[in-house]
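Numbered by my numbering, the letters in the sequence shown go through residues 1024 to 1117 in order.
No wet-lab data here; the hints were simulated from the structure.
Treat the hints with care, as some may be off.
Label-pair distances were calculated between CB atoms; the ranges are [unchecked claim]: (1) Glu-1073 - Gln-1045: 15 to 21 Å; (2) Glu-1073 - Glu-1034: 17 to 23 Å; (3) Glu-1034 - Gly-1115: 18 to 24 Å; (4) Gly-1040 - Ser-1069: 22 to 28 Å.
Using 25 Å as the maximum straight-line C-alpha spacing, the simulated PhoX-like pairs for lysine-lysine come out as follows [claimed, not checked]: (5) Lys-1080 - Lys-1030; (6) Lys-1076 - Lys-1031; (7) Lys-1030 - Lys-1076; (8) Lys-1031 - Lys-1080.
Even glycine gets a Cβ: it sits at the ideal position worked out from N, Cα and C.
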Amino acid sequence: MSTEISKKIRECRVSAGLSQSQLAARLGYLGDASGLISNLETGVRSPSIELLKAIAKAVGLDDWRVLLCETAPPRARRRSFPIRYVKMIPPGAD
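Produce the entire structure from the sequences given, and follow the hints as far as they go.
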């Protein structure tokens, strides 16, 4: 499973103020099923679409597709290296 989805599940659970056991209970699992949630959050187990929908509802999300990762793309590294050295070239050294 995508580690981004795993991170998003954990992030949403924590934002909702739920422990792993509490989320498992909201999903209808009996007893201590926190291991299931732990496996989802660490990427050991992949959730089905139905489980993603149930998790979204349990943590109060309006749209389950948020769990499919609304993450910003990584920022490009700033290219200051060449500029820094261009400034060191004396005028007329072309």
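query = Between Lys-1076 and Lys-1031, is the straight-line Cα distance small enough, at 25 Å or below?
reply = Holds, at about 13 Å.
message = Quick check on a hinted range of 15 to 21 Å for Glu-1073 and Gln-1045, using CB atoms only.
response = Taking Cβ atoms as reference, Glu-1073 and Gln-1045 lie about 20 Å apart, which means the hint holds.
message = Tell me if the beta carbons of Glu-1073 and Glu-1034 are separated by a distance inside 17 to 23 Å.
response = holds (21 Å)
query = Quick one: are Gly-1040 and Ser-1069 within 22 to 28 Å, going by C-beta?
reply = About 25 Å separates the Cβ atoms of Gly-1040 and Ser-1069, which means 22 to 28 Å holds.
query = For the pair supplied as a hint, Lys-1031 and Lys-1080, is the alpha-carbon distance within the 25 Å limit?
reply = The given pair, whose Cα atoms are some 14 Å apart, holds under the 25 Å limit.
request  = State, for the Cβ atoms of Glu-1034 and Gly-1115, whether the hinted interval 18 to 24 Å holds or is violated.
outcome  = At 56 Å between Cβs, range violated.
Agreement of Lys-1030 and Lys-1076 with the hint, judged by alpha carbon distance not exceeding 25 Å = holds (16 Å)
key: Restraint status (C-alpha distance of Lys-1080 to Lys-1030 at most 25 Å)   = Since the Cα atoms of Lys-1080 and Lys-1030 sit roughly 17 Å apart, the hinted pair holds (cutoff 25 Å).
Against the hints set out earlier in the document, a violation occurs for number 3 only.
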